[in-house]
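*Asks:* Based on the hints, put chains B, C and D in the right spot on chain A.
There are 4 protein chains.
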Amino acid sequence: MPTSTVRTGIAGFRGYSGAELVRILARHPDVEPVLLEHRADSEGRARPRGAEGPKCAPCTPGAVRDEGIGLVFLATPHEVSMELVPAMLEAGARVIDLSGAFRLRTPEIYRAWYKHDHTQAALLGEAAYGLPEFCRERIRPARLVANPGCYPTAANLAIRPLVDAGLVERSAGIVCDAKSGVSGAGRKATLKTSFCEVAENFSAYSILDHRHVPEVLQNSGLEEGEFSFTAQLVPIDRGILETIYFRTARAIQAEEIVHIFERFYEGKPFLRIYDPGVVPDLRAVARTNFCDIGVKADAKTGRAVVVSAIDNLVKGAAGQAVQNMNLMLGFAETEGLL
Amino acid sequence: MPTSTVRTGIAGFRGYSGAELVRILARHPDVEPVLLEHRADSEGRARPRGAEGPKCAPCTPGAVRDEGIGLVFLATPHEVSMELVPAMLEAGARVIDLSGAFRLRTPEIYRAWYKHDHTQAALLGEAAYGLPEFCRERIRPARLVANPGCYPTAANLAIRPLVDAGLVERSAGIVCDAKSGVSGAGRKATLKTSFCEVAENFSAYSILDHRHVPEVLQNSGLEEGEFSFTAQLVPIDRGILETIYFRTARAIQAEEIVHIFERFYEGKPFLRIYDPGVVPDLRAVARTNFCDIGVKADAKTGRAVVVSAIDNLVKGAAGQAVQNMNLMLGFAETEGLL
Amino acid sequence: MPTSTVRTGIAGFRGYSGAELVRILARHPDVEPVLLEHRADSEGRARPRGAEGPKCAPCTPGAVRDEGIGLVFLATPHEVSMELVPAMLEAGARVIDLSGAFRLRTPEIYRAWYKHDHTQAALLGEAAYGLPEFCRERIRPARLVANPGCYPTAANLAIRPLVDAGLVERSAGIVCDAKSGVSGAGRKATLKTSFCEVAENFSAYSILDHRHVPEVLQNSGLEEGEFSFTAQLVPIDRGILETIYFRTARAIQAEEIVHIFERFYEGKPFLRIYDPGVVPDLRAVARTNFCDIGVKADAKTGRAVVVSAIDNLVKGAAGQAVQNMNLMLGFAETEGLL
Amino acid sequence: MPTSTVRTGIAGFRGYSGAELVRILARHPDVEPVLLEHRADSEGRARPRGAEGPKCAPCTPGAVRDEGIGLVFLATPHEVSMELVPAMLEAGARVIDLSGAFRLRTPEIYRAWYKHDHTQAALLGEAAYGLPEFCRERIRPARLVANPGCYPTAANLAIRPLVDAGLVERSAGIVCDAKSGVSGAGRKATLKTSFCEVAENFSAYSILDHRHVPEVLQNSGLEEGEFSFTAQLVPIDRGILETIYFRTARAIQAEEIVHIFERFYEGKPFLRIYDPGVVPDLRAVARTNFCDIGVKADAKTGRAVVVSAIDNLVKGAAGQAVQNMNLMLGFAETEGLL
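Protein chains in written order, with the working numbering: chain A, 2 to 339; chain B, 2 to 339; chain C, 2 to 339; chain D, 2 to 339.
So that you can see chain A by itself, here it is in the shape it has in the complex (with noise of 0.2 Å):
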């Protein structure tokens, strides 16, 4: 292992989003995982002899400090990481917590959506909110990065360019029907993501008030009143794909909204175009760090769809975190995720 390779502990391993950063951080050449043990509280899986995994060292401070890890990726609950976020911090290492306990910016609206006081107020106003494509210098010295929700991952990155160009006709409101995958809601075994309960269905749930709106309103400008969002379960693993409805402000062909994203995400790596009226599925992401966006319009009524689509575990979670790490430590921003 060279000299000049940061150990990077990760907390919530067996989780899925904990999992797939383990993945990930393999085959990064610049740093060395080390799992953080901090609640047994979920199985791992059957394995092959002599399988070697990362190092292991307990959860705790003073781990973190005698392993010399320099940053600390929390996977775990938002109640957990509001606990474990000033810890770790105290004890040197910088933070990307992937829940979200840290990505609002006042107290009051985390008491408003998540219905309880937030214990750790102090460090909400220093949190970097880390979407890269939006907040990449903030993102680069901070020592602690609230890495976006899957769901306003997907919405930002499609809507933001379309507020900013003036496209919207705002009084029409915008609405972004989401669909996610399984893995999005954790590992932990609930009845509403057992095999039988979600095989063969498909479900609506948190219409209008899912916790991950915020998100959107903060970063893309627009009101709680002009955005309406329904989360939905899909029968697959992984992925997110949200089907974004809109008036536009004046007429407008959907060439020229491509246009616009192609402007707007110029020089941003993990973001994809398609060609008016080609719109992703999720295959297209599966197990990539991308965004893809594509447009449909009609000029004539004045109306587009944009359909965003991630892979939640990725672009969504671990592969986010990662490209905010990859910022926060000056590797290059792409290393570990093409």
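Treat the hints with care, as some may be off.
As the list makes no split between identical chains, a pair holds if one copy fits it or if it spans any two.
[Said to hold, decoys possible] Below, simulated SDA-like cross-link-like pairs (lysine to any residue); rule was C-alpha separation at most 20 Å, straight line: (1) K189 / A47; (2) K56 / D67; (3) K193 / R48; (4) K301 / S172; (5) K189 / E44; (6) K301 / L209; (7) K269 / G337; (8) K269 / A52; (9) K301 / L218; (10) K301 / W114.
For the record, the hints were derived by calculation from the structure and aren't laboratory data.
*Replies:* Here is chains B, C and D on its own, set in the frame of chain A:
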């Protein structure tokens, strides 16, 4: 077999809708199904020895007359139905056509959406649109019933009561984000419906220009520019769920919208409405002729979401066809369907 | 409700087998189902307004007596059934237990496979094994029927005719490679049955030591060393397919084996045999009480393969329970099941 | 592109195995893939704008020579491969054929299982069977390598060590119950591989007479009468799991069998053995070139079960082809495959 049973022919009985018709009619006490062999283009399935099915006959006017068939179901592609409908009518049978051939009111509308001329334009005016909840009285005496498309069934049943009640802020339009199981695409082998293309995937198609759109316009009172529709393929066998978004023309609670639906569908046995804030999933309607509807609304900001769910092969095809047959032949509307 | 209907209680009605029982009994003309609330450990599903279900009562001897319940189905875990069976019998009800609690003949065999003592050993001798195709006469008058396991139902129905006919070269043993849908594991949320663990996966478990093995030994005449059984999880909701391999004791064509099955099951309404070389798949039996059997053989080398398929929730659980009830209460064996 | 890279052609690159080859070769540092357009019979997928793929050329001897292609992969049906192999060899390229065309040793065996004559019988003797764990030294210098079938890869790797060690009681035979994901059937649209035929289903096919059987006989030392093989379709995209049953020639614990596998595969990087009693599932090998093997045995009764799992598109097709290429071109055996 009592003398009062009516012989009903089924063309296209090896397709998914046709096979569902055979299953439903097998337990209907008042009809005797006869399979009408049109083309042997589709393989059957392996069957146990000695399994008896319905009688078979060729799908010709002569056979229909000889067998004394009083009503024919056409579960055939629209090009085939266009050819068979006049032949069956001439043979003295009444016809329920499950294809799109006779659903639109004029040859002009047909040409605009199907991109070819209608070869039996004279029959378009005669055909009754077979959505019993709206057109019961036209269906009863009809010689030719055009069974609605699966998407429009779920959409019209959800949208028409809202439009009629003046609830929809029409300048903002209605969004109908539709998701369908794969059986909706028929049994013909195609790459698009191959297991490995569909599984672990989710994809949108026919955005804004699906052939089912004019069926919604004709029956809901909306203009094309007011209705944004996307069809999407879910990796499941059967079921359609539509998430319908609109802005309310006045401040209104979900509860009041629920009451509007309840009043609209009083005495309609196949419509089931949910408590405010509760919405159906696809399992709720699987293998039933129900259309389930749930409502969520935010009175403060004037946004509302309606979820409408059906089984595409039952209420979206074969079940609705039998419901129409019950009306046409004077049976109880629910016979064979509960 | 005519006075001749029999009130039947269902404990465990929210589980998959219990819910299937409720569905089947709802269309059975001769019984009135009553839901027996045992523990509210399992969430129900969202339901439409005004949906009426069966009557509810607590699962206590007093309530069973007060409600005049003549027969109780226990779709409960085996520990719970062991407790409830004596209580229900004392309350004067006959019992069909769908768990494994009363299927084995002696407390010694029970202890050997379930790894704990049987607390109601005295009732083991009384319980009739509820496989109607083998035990019809013992079932009719029984006070307590032990409804067979899903795997043993498919296995015994395929193996017993072969063993009885002396077809099996017993020194080579019989291999039964069994595959089951996930509903066989019950509705309780577990990591093992979580969507993301099961989907896009296939896994073997309980190789050679599954608790269902002794049910096969007891009913087929095989010794443990002659029977190699593996249970495997298929990413589907329901269905069991067993591929059964043996070497024939004499040169024999598939056709002759098919005849042996046909003779064995003459007059048995739920057994369907296929042409030589043709075997059932799971779709053939889905949502039916049939057990379908097909045979392939190579007379030259003395190898034979039998495929046996059932729906694990119907012939493997609730359907067979109703078949047993029909025998116990003197109804037609197929009532409510075709 | 460094001068030392080898240009490798891929015919059939739109099929599932071919596409997997393209993916693997894209990250192989020592080769430059060239897509050989043979027939435009298969649709591509929608792609983002500006996405660059490998170079394209026609699949002709002239183009192969002009492009300086040193090695050609044929991911084509066996009839097509039979035609293309001599042409490619004449053009000076070495060939790895992924079809069944050149896997069997004699034209007589070929005719017996494929039911037609081999048109290139002269090349059968020359072709090396591309199972590197068994035939490494024959593969290295070969002009033509016949990449093994997916089922035989998992079967031979599990069975040969057992037969070589004399562990198998041969009079009782070996049962190999094989389950495959649907991608094994190729990308051509067929009713059999349609989503609605496969989903919520499980089916057996080619019982005892699958074309892959002779590949197992040739490489394991078994006679046809000793080997009972069934292929089965699992509703998943990719993966093969084989459950292999035999009676042991002497009393032996699972632990000792595990040791036999470990010794047999020492130094073979793609074989992974599990602890006694632990077996792999398909998720363990998905998207990898590993073959995972686990063992359960009952020494008392002389029964043993071995589970062997691979990804059918990787170790069962494209990955193994690249492993063969690595040997033929002198690269590290694992290059591009870990």
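*Asks:* For every hint, state whether the structure bears it out.
*Replies:* Right, here's what the structure says about each hint:
1. K189 / A47: For K189 and A47, the Cα distance is within 20 Å only inside one copy (18 Å; across copies 22 Å).
2. K56 / D67: Within one copy only: 13 Å inside a chain, 51 Å across chains, cut-off 20 Å.
3. K193 / R48: Only across copies: K193 and R48 sit 16 Å apart there, 28 Å inside one copy, limit 20 Å.
4. K301 / S172: both (19 Å within a copy, 15 Å between copies)
5. K189 / E44: both (10 Å within a copy, 17 Å between copies)
6. K301 / L209: Between copies only: 12 Å across, 30 Å inside.
7. K269 / G337: Result: close within a single copy only, 16 Å intra versus 27 Å inter.
8. K269 / A52: Between copies only: 14 Å across, 37 Å inside.
9. K301 / L218: between (29 Å within a copy, 17 Å between copies)
10. K301 / W114: Answer is between: at 16 Å across copies they meet the 20 Å cutoff, but 39 Å inside does not.
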